[in-house]
Structures are given as structure tokens and as C-alpha cells.
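Asks: Now for the letters of each chain:
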Amino acid sequence: MKPITFTQIEGKSAGYWALLGILGAMILAGFSAAMYMEHHGHYVTGMTNQIVWGMPHIFAVYLIVAASGALNVASIASVFGKSAYKPLAPLSALLAIALLVGGLVVLVLDLGRPDRLIIAMTYLNLKSIFAWNQLLYSGFLVIVVMYIWFMMEKRMQRYSRAVGIAAFIWRLILTTGTGSIFGFLVARQGYDAAIMAPMFIIMSFAAGLAIYILVLMAAYGWTGRELGNGVLRRLKNLLGVFVSAVLYFVLVYHLTNLYATEHHGIEAFILLGKNGGGQYSAVFWWLQILIGSVIPLIILFSSLSRQRLMISIASALIILGGLAQMYIIIIGGQAYPLDIFPGMKVVSSSFMDGIPAAYSVSLPEIMLGAGMGFGVAFIMVAVGVSVLRFLPQSLADEVVDPHYVAEASA
Amino acid sequence: MEASEKMTGQSRRSFVKRTVAGAAVASIAPGVVLHDVAQASRDPGEAVTNEIRWGMLIDANKCADGCTDCVTACHKENGVHQLGRPATDAQWIRKVHLRDKQTGKEYGVPVMCQHCEHPPCVDVCPTGSSFKRADGIVLVDKHICIGCRYCMMACPYKARSFIHEDVNDQAAHAPRGKGTVESCTFCVHKVDAGEGTTACVEACQHDALIFGDLNDPDSRISRELTKYPSRQLRADLHLNQGVRYRNI
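Sequence order for the protein chains is A and B.
Numbered continuously in our numbering, the first sequence closes out at residue 410.
Numbered continuously in our numbering, the second sequence closes out at residue 658.
Keep in mind that a hint or two might mislead.
Stated by the list, open to error - Computed list of chain A residues with no C-beta within reach of chain B, every gap over 10 Å:
hint	residue
1	K82
2	K154
3	I195
4	E226
5	H264
6	S312
7	F341
8	S349
9	I366
Unchecked claim - Covered by chain B, per the in silico footprint, the following chain A stretches (three or more residues, Cβ under 8 Å):
hint	region
10	49-60
11	103-113
12	127-133
13	331-340
14	388-400
Unchecked claim - Here are the computed lysine-lysine pairs in the BS3-like style, where the Cα-Cα straight-line distance is at most 30 Å:
hint	chain 1	residue 1	chain 2	residue 2
15	B	K542	B	K486
16	A	K127	B	K588
17	B	K552	B	K542
18	B	K511	A	K345
19	A	K82	A	K12
20	B	K486	B	K588
21	A	K274	B	K511
22	A	K154	A	K86
23	B	K472	A	K127
24	A	K12	A	K154
25	B	K588	B	K600
26	B	K600	B	K472
27	B	K588	B	K552
28	B	K511	B	K472
29	B	K542	B	K637
30	B	K472	A	K345
31	B	K637	B	K472
32	B	K552	A	K127
33	B	K637	A	K345
34	B	K542	B	K588
35	B	K515	A	K274
36	B	K515	A	K345
I should point out that these hints are in silico values taken from the structure, not numbers from a laboratory.
Backbone N, C-alpha and C define an ideal beta-carbon position, used for all residues, glycine too.
Using the sequences and the accompanying hints, generate a full structural model.
Replies: Pasting the structure below:
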């Protein structure tokens, strides 16, 4: 087995600067949207007193969840000892940091008072999951930075497995915290379920790996470095397993709700589009299940996945499906009316009790969520790989895996 | 000069009141506190205690159909103005009209912050801005609210509003701020001034709302609560709200 050489990318090509330009423009768009919302107040968005968390939260929570999942590639190498994943580990750690920072920036800029960030950091109510998450997120950044340092610094490499294990455990706790934001909300029919935490963990596996595959393919495709078919095949098969596991959790979540009469209302709302839930059932069946899960699974587990383009399409669809799932959890869960008066029908209310809350996505929310979130995350990766040695010179199959047998079936 | 005399007069009265109260408490058996002492106005620096638990009883039978006097009075008292955008306008109290799905019986009741003993909004607030006073009143500290809206996700009663735009003509006793969350304060400024009532209760011409100390067995609210059954909204959550409903 040849030793693996990690090098920076050159970062001088016109394409590289164009990429930075596009990402910079996305960040600028996100920042302008945040300033616009901050200046006028949130009434200029689609958010209301009924849908208090909108598109920015969908992107922010998705990115935070994906961040912990992106680290899995490194964990497979360090925790589970699969040497074939070792060359993929530094990028995995960088992507994890980048996605987390991207998500957090969105979350902070969507606050009613983002200028009070220092208060959020200095006044902690330790019964609040948001407060736990502040500690979990900052701890994650510290541990993953250490992990990168230990992987890159020869003298520290013997500790890299230990810190890798710590990072893996930490990321499981972190995503438990993110899922529990919803899982612990007793008031709403769509939440208040312990399955939220493990479901978010498995969602993170799929989201993080899908983004990782796309970033890896882009990094190697655009720099002309070699990326072996075997490497991609291993990753795409794993992605298929993760997507299937997400489907299993979605199934169990809905089956549990369907059994209890108390939850029939929300299930009819989300699954059948009853009582004004039409947009949510459409997003669920078309985007989350068909386009975001079933079609990618067919691609990933069929001969279609011999084509790289198809793997990237499947990964992109899985990201879309994941965002759709987040939309249903966050927006759908809020849109379904609170059951304040069980057994009663609300005839009228000035505050829209008893009827599903209307929500229409607004442009500033998308600019902040997608522009700022993905912009910050990917610019950190783009700059990161050009200043530090994150990427192996080659990820050819025989470099990565000495036991690789060429032309193995998909 | 006149102001300072007034101040002196006030603090003298307050001093006398507390001295007498202290003497009274000291001279009566331990554990027995004079009701009048507890109800008296406090000095700004004096902490509230859990000897009082403020609560409200709302009688659906008395609440008149189509009447929204409590809503109008609350919003006037607290400087909550409607801007013609119902989805984002703040509502500290609202009138909800209900129909029993089985019997068809209809009634309306006002709904506001239920001032829970175990408020989910306080649990989830990352900065501790949502808090419960010792006397049971649940409030938002506008100075440390970061506007994350987690409390609004957690409240089972949709009692809270996020301020979606600039606010004008604020009431001095009820500061508001764009980008923060707010809700019914049980007219804490009136309570702290020793008035022992709220704007909505004062406005109700049908005696549908009773405000008072749940810990005092002789208060009107306690007497009414022991006379007939009452209900808490979403009692299954075991939050032990300060607001109770009758005849729903």
C-alpha cells in the first residue's frame, strides 16, 4: 500500500475564484435578508405567531443535523477501524465543522434579537435544550478541531483514535439534543415523541453522507484528482442503507401515531392532507418519500449507480428529501392546530385557534436559510482545502484499499 | 419639592405598614400571616413571596356571547395595538368560541397566559428570560429575551406573541420591544401597586372573571373554586395553571 499524501488544492484557477464568488454572493444575499428582517421585523417573512419557526430553521436544523452526520465518515475510520475510510476522514471533519457553523449562523441571524447573542452565551437556563445545545455545539467544534489537528500532526496521530471516539460519542449526544428540541415539546401533537432523537441521528447519517459525497465528487472532479469507483461505491451503498433506515424510523413514528386515536388528527393532516394539510401531504409523499427516498434508493441499489452523475443526482435528491422531511416536521408540526380544548370544536377565534396555520415561504427566509447556510458552509470547505492538507493527492482505489479488486459489481 | 414630600409620605406610610405588619406577624402564631399584609403593595426593592399565588377563575356561563370587553381593556391597558395583520399582531388575550362536538352546546371564553405552576415556556427558555415569579405570575424579561420563540413552540395555549415589527405608544408600565416575545402579565403592574386586580377583570361587566390569591382560603376566588368544580385547559399536562375555567 502506497503512503497517502495529503495536499492543499492549488486554489488559483478561475473556476476556484468563481466558486468563491458564487458562495460569497450567497452569503451576501443571506446577510442582506437578515438585515432586512432585522430592520423591518419578522412580519416581512412568512413567519407568524402561529408558524414561529420558518424556512431559516429548516435549513439551520438540517445543516446542524447534517454536520454531525458528515463526521461519520471519519468515525467509520477511527471508531470502527475501517482503514479504507481513513483517507476520507479529514474532509469529513472539515465538512462537519463547516456545516455546523453554517447552520448556527442562520439560527442566530433569525433570532428576534441577534444582537443579544452575548446574552445567549452568558445567561444559560440549564433546563433548556437550547442551552444544552450551545454547550454541545461549541464542544463539538472544539473536539473536531482537535481531531483534525491530531490527524494532521504526526506527533499527535497516536491520540487521534481517542479523540475520534470522543467526537463520535459527542456527535450522538449532540444530535440527541437537536432531535429533543422537538421530542420534548409536550404541547404539540406532532412532537412529544422520544423517537425524535434517534430519528434525527439516523437523518443526520443520511444528510451528512449525501452532502459529503457531493463535496467529495466536486473537490476531486474540479481539481482533476483521481477518485476511485470503489471509494464511491462503498459510500453510495452506505448512503442507501442510511436512507432506508430513515424510512424505517418514519414508518415507526407514523405507525405509533396511527395506533393512538389522540393522534389521528395530525396523521390525517400530514399523510392524507385532511383539514387543510394538503401542502404537507404533497411534500411528504412526493418530495420526502418518492423523490427524496424511493427514487434515490432505486438509483443507488441498481446498475444506474455505475454512472457517477447518477450517484450525484441521488445524493442531491436525498438532500432535497431531507429538507422536505424537516419542512414537514417543523412547519407541519406547527401548522396543525394546538388541541387546547379536547373534544370541542373551535367555532371562532381571533387568534386562529382550531384551524391549520397558513404559511407561505418568503424570499428573505430562503436567502437567509439556503444562501447564508450553504454559502458559509461551503466557503469554509473551499477555503479550508486550499490552506490545509485535507484532501489526499489521489483517492484511486488501489491507493485507498490494498485489497481492492477492480471491476467488482455495484 | 412637592414630589419629594410625596415620596417621603409614601415611604413613611409603607414603613408604618410594614412595621405594623411585622409586629402582627411576630405576635401571631408562626405560620399564620395576616391576609391584608400579603395583599399590600410592596416597595420596588422588596421581593415577592410564594405566600400568594395569583390566579383567575373564568366562568363560561357568565361570559357573554360576542362581548370582547376584556380583550379591549387588556390591550388598551398594556399598549398592545393591532396593526391590521392578524397573523403577526400580538394578542395577549383572545376570545375563543367553542362548540361541544357531541352535544352541540356552545360557549365562549377568553384565553390568555395560564400562569402555570410548571410552565413549559420557562423550561425551554435558553436565557432564563421566561420566568415565574414566586407569586405564580409568569413573565418575560424583555432585557434578556433573544427572540428565539422556543417558548412559543412550547406553550400549549398559544398564549405568547412575538413582536413582528416596531411598536409605538407603549405603556410605561408594560415595555415592549420588536424581536422579543410577550404575553399576559396578569397586569403585574397593578398587582404590584396593591390593586389586586387586572384590567380584564375590571372591564368585565358580567362578573365572568375573578382574580385573586389562590393560597388564601378566604379570597373570593378560593371560595368560588371550592363551591363548584372547575377545569384547567389541557389538565392532562399536569401544569397546574393559575387560570381555571368553570362550566366548560
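Asks: Starting from the hint list further up, note which numbers the structure goes against and sort them upward.
Replies: 7, 8, 14, 19, 23
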